[in-house]
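Under my numbering, the first residue of the sequence shown is numbered 31, with each subsequent residue one higher.
Among the hints, a few may not be true.
[Said to hold, decoys possible] Quick list of simulated restraints, FRET-style, between CB atoms: (1) A217 to Q33: 22 to 30 Å; (2) I252 to G83: 44 to 52 Å; (3) T152 to Q257: 19 to 27 Å; (4) A71 to G253: 37 to 45 Å; (5) E84 to D161: 18 to 26 Å; (6) P230 to R251: 44 to 52 Å; (7) R65 to A217: 41 to 49 Å; (8) Q46 to R190: 16 to 24 Å; (9) M209 to G150: 17 to 25 Å; (10) G83 to H192: 19 to 27 Å; (11) E213 to R65: 40 to 48 Å; (12) V66 to E132: 41 to 49 Å.
FYI, nobody ran anything at the bench for these hints, they're computed from the structure. Just so it is clear, CB atoms sit at the ideal spot from N, CA and C, and this is done for glycine as well.
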Amino acid sequence: MSQQSVALFVTCVADQCFPDTAFATVRLLEAAGARVEFPEAQTCCGQPAITAGEPDAAARLARHHLDVFGAYDAVVAPSGSCAAMVRHHYARLVPERREQAEALAARTFELTDYIVNTLGVTDIGARLDVDVTVHDACHGLRLLGVGAPLRILLAAAGVRVHEMTEADTCCGFGGVFAMSYPEVSTALADDKLGHAAATPARYLVSTDLACLMHLDGRRQRIGAGPQPIHVADLLAAGLA
Numbered sequence: 031m032s033q034q035s036v037a038l039f040v041t042c043v044a045d046q047c048f049p050d051t052a053f054a055t056v057r058l059l060e061a062a063g064a065r066v067e068f069p070e071a072q073t074c075c076g077q078p079a080i081t082a083g084e085p086d087a088a089a090r091l092a093r094h095h096l097d098v099f100g101a102y103d104a105v106v107a108p109s110g111s112c113a114a115m116v117r118h119h120y121a122r123l124v125p126e127r128r129e130q131a132e133a134l135a136a137r138t139f140e141l142t143d144y145i146v147n148t149l150g151v152t153d154i155g156a157r158l159d160v161d162v163t164v165h166d167a168c169h170g171l172r173l174l175g176v177g178a179p180l181r182i183l184l185a186a187a188g189v190r191v192h193e194m195t196e197a198d199t200c201c202g203f204g205g206v207f208a209m210s211y212p213e214v215s216t217a218l219a220d221d222k223l224g225h226a227a228a229t230p231a232r233y234l235v236s237t238d239l240a241c242l243m244h245l246d247g248r249r250q251r252i253g254a255g256p257q258p259i260h261v262a263d264l265l266a267a268g269l270a
């Protein structure tokens, strides 16, 4: 089978706050047989703008994203929320480029979904002896239907997954929601960490860095719950 070329859509959170996760994402994609390219002109997908009620700003970013990634056969992001932004909002934001937006949406994937469901790889060769629990990030789960691929890759690596109560409940981040409704946001995060703490997990694994950043911030403040970690970081640690 020929090696598939994929463009890495690194996302703002990975680029600015967690660059190691971006490198781990590349390692996973390469372990799955993909050849990774990185378009340096990429910027934000526009999700913060649209959630803040600024569709014109989001549309400008969407047009730039289409310019940068439009020629690639596949675009992969280590974030379900950013992939969902492209998949579900671009065609509406830039109706004058609707056909191009819909075509790119069909070629844009969250990392674990791409590896398992597009490349057909269920075992990337990582091996780990660790207990985890999983947070199903809202956008990845509800807009992209991503839940099983994460667990498939973890199981193949020997990771023991302990499902926590309400794994599919929001962590409370929601972008600008966390700033607009801090009391609700922190309560949701504390509940999530409490459910995770009730399992024997060492790590709280997810596919979305923004969720993990929010949860880790609350964990450091209240001292409860296993360490949040992106699936790419965890699996990359198990690669030879």
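Hint check, failures only: Failing hints, ascending: 1, 2, 5, 6, 8, 9, 10 and 12.
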